[in-house]
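Trainee: Chain by chain, the residues:
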Amino acid sequence: MLAFILRRLAQSIVVMAVVALIAFMLFRYVGDPVASLLGQDSRLQDFEELRERLGLNDPFYVQFGRFIANAVQGEFGISYRLQQPVSELILSRLPATIELAFASAIIALVFGLSLGVFTALKPRSFAAGLIMTLSLVGVSLPTFLIGIGLIYVFAVELQWLPSFGRGDVVRIGSWDTGLLTSTGIRSLILPAITLSLFQLTLIMRLVRAEMLEVLRQDYIRFARARGLSNRAINFGHALKNTMVPVITITGLQLGSVIAFSIVTETVFQWPGVGSLFINSVQVVDVPVMAAYLMFIAFVFVVINLIVDILYFAVDPRLRIGSGRR
Amino acid sequence: MTEPIISVRNLVVEFPLRRGLFTAVDGVSFDIMPGEILGVVGESGAGKSMTGAAIIGLIEPPGRIARGEIYLKGCRIDNLPPEEMSSLRGKRIGMVFQDPLTSLNPLYTIGQQLIETIRRHLPLNEAQARQRAIELLAEAGIPNPETRIDSYPHQFSGGMRQRVVIALALAAEPELIIADEPTSALDVSVQAQIIKVLKKLCESRGAAVMLVTHDMGVIAETASRMIVMNKGKIVETGSVGDIIKRPKEDYTIRLIKAIPSIKDETRRHEVPVSPKPLVEVKNLTRDFDLSPGFFDRLIKGSKRNVVHAVRDVSFDIRKGSTYGLVGESGSGKSTCARMLVGLIKPTSGNVLLQGEDIARGLSQERRQMVQMIFQDPYASLNPRWRVGDIIAEPMRALKLVSSRSEAEDRVADLLQRVRLDPISMRKYPHEFSGGQRQRIAIARALSSQPEFIVCDEPTSALDVSVQAQVLDLMRDLQDEYGLTYLLISHNLAVVRQMADDVGVMHSGVLVEQGPVDTIFDNPQADYTRMLLNAVPDISKVE
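Going down the list, the sequences are from chains A and B.
For my numbering, add 87 to where a residue sits in the first sequence, where the first one is 1.
For my numbering, add 869 to where a residue sits in the second sequence, where the first one is 1.
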C-alpha cells in the first residue's frame, strides 16, 4: 500500500513539474511581461533596468528554478490587473468555488447514483425510460443555456431564488462561507444545480451501464442460485462491483467541476476562481493564468491520488496483486 | 418404492424471439431418486442447461416455462411466486456453475459469501455460521480452512474455487444439486478431484444430483443413469453402461462414435522417412520477469520473481508427422508454441526450421511455411472482415498473389478444401457456427501453402461431433499436402487419435516424449501416469 502511494506520488510530482514548465512558458512567451508592466512611452533604459531587477536576463533554467521555488512556497507573483499577490487573490476566491463545487458534486453523486441504480434494476419500466430520455437533455444542453433557463424560470418569473452573486457571507478565519446565511444558501441552489446537471446525467448513465453489465455476470446468477434476497444481490453484490469503474470517472468529473466551473460562475456572477480566470484572460494577466493552471493541475493530481486509494480500498485484487501485472 | 426428489413432466421452455418462437426444451420428463446422480449430456444448444435453469427457476427473460410441471418431493414448484422460489434456491436446490473463475464475487472474501448464504437459510448467528462455513470448506477439501476462509476468490486456483462453489451450493444442505458443466473449465487432474468431492458429498448427504455436461467421460465416471438430449428433446434414457456400450438411437450412436478415447488404437498413415527433421527445438527456455515494481522492491524488500515458463525443452518434429504436446494449464505448452512460430523470443535455446533459426527472423519463403491455428474460433477471426478477406490476408501480406481475382480464386479453392461453400467468402464470421469458423481458420492457415502448422487447442472450444469433423479434416489435409502439425492439447484422447509422437509437459519441463502408443500404453514418468489415470474416459465405464 505504502509503496503504491509512493509510486503514485512520484508520478504526481512529474506531472506537476511538466505543468509548471508550461505555466512558466506562459510567462516567457505570452507577451512581454515588462511591456505589460511599463507603459508604452517608457524609456528603453527603464525596460533594461526592470528586466535586470526581475531577473529576466538570467538563463532559462535559473528562471525556471526560481519559478518552481516560488511556486512551492505559494508565490506566483503579482497580478498585473489587480496589483495584488496572485496567491492572495486565488485564496480569497477559493471558498466560493469550493462550496459551489462540493454542493454540486453532492447533488450529482446522490441523484446520479440513485437514479442510475433505479434505471438499471427496472430497465423496462416507464419511469426508467422517462429518466433516460430526460438525461439526454442533461448531457446535450450546454451549461450556460441551462443556467440562463433556470435564472429565467426561478429568478425572473417565479422570483423564488436570486439570479446572481453569493448573498451574504460569514467570515470564519480566512474562509468566507455562504452556507450559514439564508441568502447564501438560496444563492447557491441555482448555480449548484446548473453545474451538477451534466455530471449527474453522466454518472447516472455510467452507473446504469455498469450495473446492467454486472447484473449479467455469473456471480450474480450464482448469488441468485444460492437463494440470496434481491436486496442483498442488488445492493450488496452488484452495486459494489459497479463502483469500481464508476469511481474513476466520477473522480475525474469532480475534478473538472472544480476546475471548469468557469461557465457557471460567469453566468451567475459567482465570485469564484473561475470568474477570476476569465477576467484575467481578457487582459492577459499572465501571473494569474499561470497560477490557475498550476492550481487545476494540483486539484486533478490530488483527486487522482484519492481515486487510486479508493480503488485499493474497494478492490481486493489490487491489494494483493500489486506485484503481479 | 421411495419418492423421487425431483420429477419433471413434459417440460417445455420457450423463447419468444423476433423471428418467432424458439423452443429450447421440448417435452422433457425425468425423475431423480435420492442419492442418485443423473447425467444429462448433449451438444451445445441441446437444451440441457436450460432444463437445469428451469428447475431452479433462473431462466433468463424473455425465456419462460410454457408447459409442463416440476415437482420437488411431490410439491409442484414451477408455478411458485418469485419470493417463494427464491427461498427454495440454495435451501432445497443448489446449483454449481461451469466457470469457477466467474462464479464468485471478486470483491468479497469467500467467508463473507459463505456466511451470507448460510445465514440466509439457517437460523444461525455470525459465529455459528462461520464455524459451519469452515466445516463446509474442510469437507470440500480446502486445506487450512480456518485461515483460507478470509481469502478472496482470486487468491485461489480454479480447482480450489470450484470447491468453494460446491461448498456454497451445499451450504444449506439442499436435496437436489444441479451441476452445470462443473468440471469443463478445469484441468484433467483437477477435474478428477472435483468429481470425487462432488460424488462424496452427495453420497454422504443423500442428495440427488443432476449433472449437466457435454463430456461423456465425466458422466461415465460419475453418474449411474443418464439422459441424452438433442435439440430440446430427450433422445435416450438409461443406465450409463447401457447407453455407452449399447446405444440404441442413431443420434446417440453417432455421438458416442465421435468421442475420442485415450484407449483408441488409431489408424495411421505412414510418415514418410526423411533424413532431417523439419523442426528442431533445442534447449528452449523462456523466463517471464514478474518482479514487483521498483518501489515495492525498495520498500518491502520484495525479491525479484522470475517464472521459468519453459525450461530446457528439446524435441524434433519429423516432416509429415504430427507432434502432440500435452500438459495442464500453466505447463508452458502454449508458450512453447508461440516461440515455435516466432511470436515471442526464447530466453535461450533455439528453434530451427529446416536448419534456419526462427528467432533470427526467417526468409520470406520460410516464413510462409509456418502458420498457426488458435483455440477460440470466435475470437481469432476479425468480426468486421469478410471471410474472403480473412483467408486472403496471409497471401496478401506475403505478396503471394498479384491480383484480386487471383486471390479470390485461391480463396474459393481453399474454402472448398475445408468443405465450405465458396459463396461463404462474402459472409462475415458471425454467420458461421463454431466448427465452420474453425474451418475458416484452417483455410486461412493453409492460404500461404505452409508446411508446418501449429495448432493450439484447435478443437477444445467445439462440440464432440464437430471436433471429430475438424480432426478428420485436419488429417485429410495432412495426407493430401504432407503437412506437419504441432498439436497442442489438454485433451489426451484427441492427441492419441491424431499424433505420431507425443511430448508431455509439466511445469515448463518436458517430462517424457516418444511415439504415441508407447507413451499412452506404457508411460514411464509418474506425471504422465497420473494424467492418464485422471482422464475421465468412456472406456472406463464398467
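These are computed hints drawn from the structure, not numbers from a lab.
There's no promise every hint is true.
If you anchor each label on the Cβ, the simulated ranges turn out as follows [what the hints assert, rightly or not]:
1. S179(A) with N994(B): 28 to 38 Å
2. L392(A) with R1288(B): 51 to 61 Å
3. T220(A) with G1027(B): 54 to 64 Å
4. G1230(B) with G216(A): 54 to 64 Å
5. P1252(B) with V197(A): 32 to 42 Å
All of these numbers come straight from a predicted model, not from anything done at the bench.
Using N, Cα and C, we set each Cβ at its ideal position, and we do this for glycine too.
Trainee: Need the list of violated hint numbers for this structure, in ascending order.
Mentor: Of the numbered hints given earlier, those the structure breaks are 1 and 3, listed in rising order.
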